[in-house]
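Colleague: Residues per chain, in single letters:
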Amino acid sequence: MDPVIGFSDHYFDQFERWITSMSYFLQSLLVGLLFICGAGILIVPSRRLMTGLLALQYIGVFLLVSVSWPLEIAVVKLVAGWMASAVLFLTYQNLPGSVIDDRIDVNLSGTFFKGFTALLIGISVFSLAPTALRWFLGATQQQVLGGLWLLGLGLLQLLLTRDSLRIIVGLLTVISGFEILYATLEASVLMTGLLAILNIGFAFLGSYLLMASNLEESL
Amino acid sequence: MSTPILWIFLPLLAAGTSLFFLRYRNLLRWSGLGFGVALVASAIVLPIGEVFKFLFWEVRLSDQLLIFGRRFILSGADRPIVILLFSLWLFWLLIMDPKLVPIQFIPLSLAGICLILTSYSVEPIFYGALFFAFLALIFVVLLSPPGKEPTPGVLRFLIFQILGILFILFAAWLASWIDLNTGNQVMLARSLLILALGFSFLLSVFPFISWISMVGEKNHPFLSGFIFNTYFLGVFLFGTRFILEGGWIGQGVNIQAPLQIAGVIMLGFGGFMAVFSKHLGRLMGAMIIAEIGRSLLAISLFQAGFPIYFGMVILQSISLGVWSLSLTQLQQGIHDLDFQSAAGAARLWPVITSGLLLGYFALAGVPLLGGFPIYWALGSGLSFFPLWINSVFVLSTLGLIFGGLRLLSVLTKHAGEESILILGEPFYRYLILGLNTLLILIGFLPQWIFGLTRTISELLLGS
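Taken in sequence, the protein lines are chains A and B. One rule links them: number in my numbering = place in the first sequence (from 1) + 10. One rule links them: number in my numbering = place in the second sequence (from 1) + 1151.
Hints were generated in silico from the structure; no laboratory data involved. Please note: incorrect hints may appear among the correct ones.
Said to hold, decoys possible - Some residues of chain A that are not near chain B, with every Cβ distance over 12 Å (derived):
no.	residue
1	27
2	69
3	93
4	121
5	129
6	134
Claimed, not checked - Examples of chain B residues toward chain A, derived with CB under 7 Å:
no.	residue
7	1219
8	1221
9	1281
10	1284
11	1295
12	1297
13	1303
14	1306
15	1310
16	1313
17	1317
18	1324
Every residue, glycine too, gets a C-beta built ideally from N, C-alpha and C.
Excised from the complex, chain A in its bound form:
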């Protein structure tokens, strides 16, 4: 064998291994970011911060989806997610008295409880991830972990609140988790489009529900 080719092959293999481990590391970072965002959405009392974290969460969703999908299709998730976050944020900003009401249910023991349950969800999903990997054959470990974490934290949000905005954000989180997992199974353009419209539809519904009580009665 030509020593020059052998030498370059060796470095190419090393480079490939480095890329793989970097990708693994970056994906792990992303999953960590998703958990922090999901748990943050659950815990933070400020609605503004919550929508900010939601927007940040969509970056993680987009990057994890891009592992399975072409970048130009995966970016639809980011655009739709940011639009949804923007719609919620702008509605909330323009509501009368929104500055005073920004902090909802500020309660130390409640926050601690939510943080603790988020941690429990995190640990249980982490322990279940190897089993779940058998269900999602085309998915990486990080995709399964990220998807399930978002599903779990979103469900927790839905269980713990009666506030319509938080319920909508909880549903958006659940759908984000589902989208990460579903992206590893199905890559249809129509499905992508419909899920994107659904995300934006949720945001509009949330903004309508926030404003409904301030609107003029239709009777």
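Position chain B against the provided structure of chain A, taking the given hints into account.
Modeller: Just chain B, lined up with the frame of chain A:
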């Protein structure tokens, strides 16, 4: 031109456009009625797949539309469903009092009907689940009219529907795996379990029933009635098509027993709730829960059960319509819909309360009213199955009738005032009387209904 464009996209466009004319209540209502008649007439008369002359154009109505590689099909065999859905919309529009019902009802209900048709017509059928998500969004807006806070029941409805849809999408993906691994029983069991969970959310099967009574209690009775009527019909149509087209029955799976167990649980709950309900809205919720149970039992009879199921749909629409209309009118006279506030209402508003009583008793299955022959046929079909199913069926019917008798005693209670008062416009009182007569007529002439529903079932199952 194709049938999906004519019966889905055109009405959706009309619904969207009419949102700009909400100020003109009467114009919207009358044009809605005209449009509804046109839709029903087009579904009855227009030939599909043949060239015909329309004014000075030669038109051929294709039965499918291709969007991003997915087909939307509404063929001649689906004609009964199109007619049924648009007739339902027309019926609810006809009995709607524009002064008492939020005007958004007209465009949003039409959009809802179109989305039910979309989810029914899309191929592969699991895409229909996503359209149910949009339907849930629209119905949440419909149930939360401007000026009112969204109620907890509505938010719970939204959560349950979205979770159900996600489970169905996932089950559909797992089902595609079964095709590749034929005979993989573990995979089949997994996907069936997830599918059952998805449809339990969508159909509000126990333990996901709480939102029904919550919505019945806190939301506008007319809007709740419409949503209970059309949403569950949509889910049943989608579910039936999902099971038939997804090849779930062909996998050698026994879905009859789970359907019957779910049906019995729901019917039992409905009957039990009716005995203890002290609120007119919650009583409506109990009625609906029992109706979901009966529908599941009817569908569990497969071919023999489909005519019964469609008979139940027609009866449910008339009964729920007259109940909701009466309750909406009654709300003008009483401040709350609990039994205490409604005490003695029959002495003050006899026509309006007659609508409540007949609508309820027809759905409960009281002899000589419309529901009796239909539930009798269902009971006869179920008589070949275990005794416990039949026992719950009879006991729950008795529970529903007992709830109705309590309602009768509350409404006729002597509350001090005896004079008959006038509430609402005469047209709606005549409408209540007309619908009451119809419910009695169906009881005496059930062959009309069964003749119609047999034709619908044959057309659908033939496809």
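Colleague: When you look at the beta carbon of residue 93 of chain A, is every beta carbon of chain B farther off than 12 Å?
Modeller: Residue 93 of chain A clear of chain B: closest Cβ-Cβ about 16 Å, beyond 12 Å.
Colleague: Grab the minimum beta-carbon distance between residue 121 of chain A and chain B and tell me whether it stays above 12 Å.
Modeller: Fine: 22 Å to the nearest Cβ keeps residue 121 of chain A off the interface.
Colleague: Verify the interface restraint on residue 1297 of chain B: the C-beta must sit less than 7 Å from at least one C-beta of chain A.
Modeller: 4 Å, holds
Colleague: Any CB of chain A closer than 7 Å to the CB of residue 1221 of chain B?
Modeller: 5 Å, holds
Colleague: Find the nearest Cβ of chain B to the Cβ of residue 69 of chain A and say whether that gap is larger than 12 Å.
Modeller: 22 Å, holds
Colleague: Close enough to count: is the Cβ of residue 1295 of chain B nearer than 7 Å to one in chain A?
Modeller: 5 Å, holds
Colleague: A cut-off of 12 Å on Cβ-Cβ distance, and residue 134 of chain A was said to be off the interface with chain B. Does that hold?
Modeller: 18 Å, holds
Colleague: Minimum Cβ distance from residue 1306 of chain B to chain A below 7 Å?
Modeller: Where the cut-off is 7 Å and the nearest Cβ of chain A is about 5 Å from residue 1306 of chain B, the hint holds.
Colleague: Was residue 27 of chain A rightly flagged as not at the interface, with every chain B Cβ beyond 12 Å?
Modeller: 33 Å, holds
Colleague: Let's test the interface hint: is any C-beta of chain A closer than 7 Å to that of residue 1313 of chain B?
Modeller: OK, holds: residue 1313 of chain B within 7 Å of chain A, min 6 Å.
Colleague: Given residue 1219 of chain B was flagged as interface, is its beta-carbon under 7 Å from a beta-carbon of chain A?
Modeller: 4 Å, holds
Colleague: Does the nearest C-beta of chain A fall within a distance shorter than 7 Å of the C-beta of residue 1281 of chain B?
Modeller: For residue 1281 of chain B, the interface hint holds, since the closest Cβ of chain A sits about 5 Å away, which is under 7 Å.
Going down the numbered hints, you'll see the structure goes against none, and every one checks out.
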